[in-house]
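The primary structure of each chain is shown beneath.
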Amino acid sequence: MPDLATSFAGIRSPNPFWLASGPPANCGDQVMRAFDAGWGGAVWKTLGEPIVNVSSRYSSVDWAGQRMMGLNNIELITDRPLETNLREIAEVKKRYPKHAVIASLMVESKREAWHEIVKRAEGAGADGLELNFGCPHGMSERGMGAAVGQVPEYTYMITEWVREVARTPVLVKLTPNITDIRTVARAARRGGADALSAINTINSITGIDLDTLTPRPDVGRASSHGGYCGPAVKPIALHLVEQIASDAEVGLPISGIGGIAGWREAAEFMLLGCGTVQVCTAVMHHGYRIVEDMIDGLENWMAEKGFQTIEDFRGLSIAKITDWKHLDLNYKIVARIHDDLCIGCDLCYIACWDGAHQCIHREGYAKPEAAEAASRASIAVTPIARLDALATAGAGKTPPERIPRVDEAECVGCNLCWLVCPVPGCITMDRIETGRAPQSWEQRVAGGRG
Amino acid sequence: MTQVLAPDHQHEERFADLHPPLDGTSALAEASRCLYCYDAPCTAACPTHIDVPRFIKKIFSGNLRGSALTILDANVLGLSCSRVCPVDVLCEGACVLHRYNQKPIEIGRLQRHALDRFYEKPDPQWSVIRAPARTARVACVGGGPASLACAAELRRHGFPVVVFDNRPLPGGLNTYGVAQYKLRPVDSLREVDLVRSLGVEFRQAEVGGELSLEQLEAEFALIFLGMGLGAMHRLGIPGEQLRGVIDALSFIERYKTNADFRPGRCVVVIGGGNTAIDAANAALRLGAEEVHVYYRRSEREMPAFKAEFERSKREGVRFHWMRQPVEILGADGHAVSVKFVETCLGAADAAGRRSIVPVEDSFYYEACDLLIPAIGQSRLTELLETSRAISLEGGMVAVDRPTGRTSNPLYYAGGDCVNGGREVVDAVADGKRAALAMAARLEEKLNA
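From first to last, the protein sequence lines stand for chains Z and A.
Per the numbering used here, residue 1 is the first one in the first sequence, and the count goes up by one each step.
Per the numbering used here, residue 1 is the first one in the second sequence, and the count goes up by one each step.
Hints are computed from structural coordinates only; laboratory data are not their basis.
Heads up, the beta-carbon is just placed ideally off N, CA and C, and yes, glycines get one too.
Do not take every clue at face value.
To be clear about the criterion: a stretch of chain A counts as covered by chain Z if any three or more of its residues have a C-beta under 8 Å from a C-beta of chain Z, and this derived list gives those stretches [said to hold, decoys possible]: (1) 41-47; (2) 92-103; (3) 423-432.
Anything over 10 Å on all C-beta distances counts as not near chain A; from chain Z, calculated [stated by the list, open to error]: (4) Ala5; (5) Ile290; (6) Lys305; (7) Gly344; (8) Glu372; (9) Pro400.
Using the sequences and the hints, build the whole thing.
Below you can see the structure in the form of structure tokens.
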């Protein structure tokens, strides 16, 4: 059986699944219940000078009948007294010595303030510190959070202050709300960070109530931009993680964050170099219990792939991401529709015509509109046994005229038809031998044929 | 008669919706399952070609008015169709999800969802005619689905239309002949009101009786025949005149218009079609203890839709195959039992339909309090042919299918009198096609 035990920048935990700093890690009772459910670690909701929150703090984007494809929040750091949080951290560490408890920190940009909070968090028994330089709303208006993380010099300065007194590993949590995340990651490295957490939430306005015309969340007929997270942000997070993971000047362990809801996403972040992953939205949606399948599913996948530890596969996909100019221009695939699986929805057909390259056709029709017009002009009647010889032959099978054909000579292999097809395996993108040696754009330009 | 068309509470309970409405959340969840097929098979399978994926998408986007208008544009009787259509052999039968090992989209119930919302409050904007007003007038004979659809479409093209119906209330079989648990008269009449709101005029008159077709020809540029079929076939056996013998359509009309009507303890229905099943189910719901359906062929030959048959069995109706009534016996002028003979199937005719051969000495008797023959409606008389030169074919009006045009250029026709008795949606499609052809013809005349 694979072993999920993790050592991340010197912080040990029974598995790589940590609660991200947020509402699920707000108090000791929650964190202990999470550990009982199977979580390997928790990044405590950010400690600092207690604040006052607004009521009405979250809003979401629903998609295709599913709730919370993306979640937005305008909640600030902890609103509990620092002493209470520290007492509970100590209590949790006493009861769960093998689990990782990381203290997320955010105080005003003064050296003494940072020294003070670092000492107190470590005094309570925290296994590590995560510097919250990413929170994009509210705190940033007070010169904290993203206001620090968006300026490499500030990131460098505060990381260095923390490093001056810290005895435990220091993680810097990065904001995605910046043009090039690598500049801040490098600054954190120079300041002495032991690891990075990425990403924090993305600036967002989730939507507007079309009755009141007020954006959500509605705080007494006004709103404020918030931080976006949940499944929707995963692709953005993966890209930013890959950028820092592949940057030679950064070279730090990464704790991946952003849209992780199950073992699949966790594996993806790890394949791009993450040593641990952090989860918040999925727990807010379904509770701590989701960790069971994260562990189970990851173990099963690892066993199937022959990976014993996370180190066996961590970062394996990084080398597979390259600049576009290195991709092989002579690699050729075409779409093939497998008639036996086609259900005749013709979504590939209209997608190719309206959204791609007009190379999927229906027998007898020059254009999609002609096929539609023919259907509308047809005379259909209710089949009635008494009046009709019922045409039962071929019932249940897709009528051949509804199965589209790919003009392979015209197909550019864009994948769109395969993406829209609802039936797995019905459309495959098959490799075509062009007989030409691989050649990238860079090579082609160098050969003077750009 | 008319006031009882709004039945009492008990009646409502007894004839609770066959397919209850979806609530908003279920409708959204169901709508989200629709793949939004291109040139969708459900749309092609619908005789009126309602753009199904489009109206479902609009439900999902929260545009319920747009959804209802999409349906009504194609089928002004979309509400009754959503309730009475045999969807499993039409739109839902064509749904591609069958081939994806999934349940088809519940198109009928989604359609009802959109239209129930539309009918909740008046939408005067819908009734505004955008076409220029025309002068050529059209008469529609019969007030059922074919004429209603025809009249609505012609009004939308600006033509004045009068619908002639011999009953106190328009709507035809939608009002009087559809099983109560599928469609209540009040719902049929809401659709009539919608058609009326377009400016269609309704007159109660017996065309061919007090009002002759010649008179209509004098007053109207074109005439649409949508009068349906004739009275129900009689069994043609002794005892048919007894009290306690009532044909299926009359039975359905009676219970729909009289909430106090009771069928007695034991009911016998003769026939194997959908109307026989509607009558049998209704008899059970009205309190009959036993309801027996007798059909002279076997289950295999039964013309009723499979879904209707299966549902009826679940309701408790008992079916008997290969039995033919030969005599109805009475006491004090009231039917008390039926004499049956067993049958077997003989040689097949040219159409492949096998003949019925009585089995010798196989007579037996079944007691009954009510006997309901449900063996189809009679065809039209030769009168149309001889007096107005409108060709008939097998007792039905012969038409050019795409236009509904008859052999007499003044007349168009559609619905049961043309198709021999299909569904509401077929009648609507016929009426709409004829209306479009008539409008084109009248516009042509105008421009000539």
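Here is how each hint holds up against the structure:
1. Residue count for the region 41-47 of chain A with a Cβ under 8 Å from a Cβ of chain Z: 6. That meets the three needed, and the coverage hint holds.
2. Counting residues of the region 92-103 of chain A whose beta carbon lies closer than 8 Å to any beta carbon of chain Z gives 5, which reaches the threshold of three, so the coverage claim holds.
3. Residue count for the region 423-432 of chain A with a Cβ under 8 Å from a Cβ of chain Z: 4. That meets the three needed, and the coverage hint holds.
4. Consistency note on Ala5/Z: stated as away from chain A, and its beta-carbon is indeed over 10 Å from all of that chain's, at 42 Å minimum.
5. Against the 10 Å criterion, Ile290/Z stays outside the reach of chain A, whose nearest CB is about 22 Å from its own CB.
6. With a closest Cβ-Cβ approach of about 30 Å to chain A, Lys305/Z is found to remain outside the 10 Å limit, as its non-interface label requires.
7. The Cβ of Gly344/Z sits about 5 Å from the closest Cβ of chain A, inside the 10 Å cut-off, so the non-interface label is violated.
8. The beta carbon of Glu372/Z sits about 5 Å from the closest Cβ of chain A, which is not more than 10 Å, so the claim that it is off the interface is violated.
9. At the 10 Å boundary, the C-beta of Pro400/Z stays outside the reach of chain A, the nearest C-beta of that chain being 13 Å off.
Checked against the numbered hints above, the structure breaks hints 7 and 8 and satisfies the rest.
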